[in-house]
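**Q** From first to last, the protein sequence lines are chains A and B. With our numbering, the residue at position 56 of the first sequence is 691, and numbering never jumps. With our numbering, the residue at position 109 of the second sequence is 744, and numbering never jumps.
Please keep in mind that the hints were generated in silico from the structure rather than gathered at the bench. Model, not experiment: these values are computed from the prediction. Fair warning: there could be bad hints in the mix.
For chains that are exact copies, the list does not tell them apart, and a pair is met inside one copy or across any two.
What the hints assert, rightly or not - Restricting the straight-line Cα-Cα distance to at most 27 Å, the calculated cross-link-like pairs of lysine-lysine (DSSO-like) are: (1) 738 to 770; (2) 701 to 736; (3) 715 to 769; (4) 738 to 775.
There are 2 protein chains.
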Amino acid sequence: MDPGRVKSVSALFSNMHIFLLPSEYNGQPSITLGSEKSHYLTHVLRLKPGNSFKGQDRRGNLYSLKIVSVSRQSLVLECKEKEEHRNKNLPEITLYQCICKGKKMDRIIRQATEIGVTSIIPVISEYTIPRMDKKNARNKIDRWRRIVMEAVQQSASSVVTEITSPVSLADLEKTVDGNRINLFFHQIPLETRSLHEYLSGYPSSISLVIGPEGGLSERETELLHEKGFSPVFLRTNILRAETAAVYGLGTVQTILMEREFWEKT
Amino acid sequence: MDPGRVKSVSALFSNMHIFLLPSEYNGQPSITLGSEKSHYLTHVLRLKPGNSFKGQDRRGNLYSLKIVSVSRQSLVLECKEKEEHRNKNLPEITLYQCICKGKKMDRIIRQATEIGVTSIIPVISEYTIPRMDKKNARNKIDRWRRIVMEAVQQSASSVVTEITSPVSLADLEKTVDGNRINLFFHQIPLETRSLHEYLSGYPSSISLVIGPEGGLSERETELLHEKGFSPVFLRTNILRAETAAVYGLGTVQTILMEREFWEKT
Chain A
636 MDPGRVKSVS ALFSNMHIFL LPSEYNGQPS ITLGSEKSHY LTHVLRLKPG
686 NSFKGQDRRG NLYSLKIVSV SRQSLVLECK EKEEHRNKNL PEITLYQCIC
736 KGKKMDRIIR QATEIGVTSI IPVISEYTIP RMDKKNARNK IDRWRRIVME
786 AVQQSASSVV TEITSPVSLA DLEKTVDGNR INLFFHQIPL ETRSLHEYLS
836 GYPSSISLVI GPEGGLSERE TELLHEKGFS PVFLRTNILR AETAAVYGLG
886 TVQTILMERE FWEKT
Chain B
636 MDPGRVKSVS ALFSNMHIFL LPSEYNGQPS ITLGSEKSHY LTHVLRLKPG
686 NSFKGQDRRG NLYSLKIVSV SRQSLVLECK EKEEHRNKNL PEITLYQCIC
736 KGKKMDRIIR QATEIGVTSI IPVISEYTIP RMDKKNARNK IDRWRRIVME
786 AVQQSASSVV TEITSPVSLA DLEKTVDGNR INLFFHQIPL ETRSLHEYLS
836 GYPSSISLVI GPEGGLSERE TELLHEKGFS PVFLRTNILR AETAAVYGLG
886 TVQTILMERE FWEKT
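Could you build the full structure based on these sequences and the hints that come with them?
**A** In structure tokens form, the structure reads like this:
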């Protein structure tokens, strides 16, 4: 391996990035790492006793880590918890997800939670297939809440995603707020603004509407317009609802996270 | 609705965008649209007989469309096929997907095909759980090919995704080609280059490695480095393999598609 590259990786790593603590780590003041991670830190990243870098546990808490000692097969790290919050600069993302059938909706909720959306609002739209009577709505919401809690834990998300009761698309409130961007993905292009253009500036929150399996009706598209939502046309194929949700959330999150690398000043 | 906005949407629509032809359209020289689409074109977008705009059928073919006549409940469009191909400027995307268990791998393959990747290479990695003996490998590949064909049709993808036999991660060839970008997503940050930085310039093709459920081992990470793959650290939570694949592909595709809107000149 090119030693120049390794050195710069190591410097960048210790200044800017986050080491993921093992899943058994639970807030102790120090931890002993086994041979694989130890080799990695000392041989691949060339870190030495005394070097400090940032770490994170599986619940999203941040730590300042310092290598205390290195032996042949292990390494001891000192761990000091930090106040700072990992995603604190990321705008809040709300997913308005038109309800899809059973397992599909479950998967979208699980994946949106993994990605770290702030809230999920299940939406009843014209082409929503599952019937939502009172009793079955209660069961569904209970199941969705359990899925959210599992996904928060598995993904070490620092955001505990909120999931609300279903609302009807017609009942969405009109929000006019300069710091809020409201978007919906649509197959028929209605505007030429790109996602990068919508997300430039510093929106404090983003709302994203994703249609159900049958898509949004043209009447709903007009209604969303009237309520202050702008259409985004992604130049891709016709995506099923569950693909569109993850595709859209991933894209929005990465564009926001990497703002410093693309925003024209 | 604000008439100024409607007019500009209509102008932009007719010059720059694509109308999705109904699923029953099959290459005929003209098509009669029903009342909903007709209302949409004439009342929402304010188009008139004689106006032309671009269209696309469900198989990804492009058409020049012209409104011939409008009646109360319907509208006749003249359709002339174009040579031009919709995604012709998009670099080829190859997904190296470490094999996941049954349904998860099926879903990743379906979703990657929907998104329009050029090829999918199933990869056997250290933490790959499913056993791949010869007979069961053949069955798996046959099933994956069927899933690909279904997804190409459903998504109207203009790319007929190719899927190869599984390869071992250790056997990946080292590619050194200035026009090719090879990336892998990794939870532990090893580099500070953002996805926007990697994708600036005009790569002719992108390869993307996504780990299996258990992630890539540190040895594999080193191996990928040696073979010319660069790590990308997405500042998100710990994603499961199937979320990471769609998240990564969506992000890469959108950043490439929107290059003109962010690339610093």
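**Q** With reference to the structure, classify each hint as holding or not holding.
**A** Each hint tested on the structure:
1. 738 to 770: within (19 Å within a copy, 31 Å between copies)
2. 701 to 736: neither (49 Å within a copy, 38 Å between copies)
3. 715 to 769: neither (48 Å within a copy, 51 Å between copies)
4. 738 to 775: both (11 Å within a copy, 23 Å between copies)
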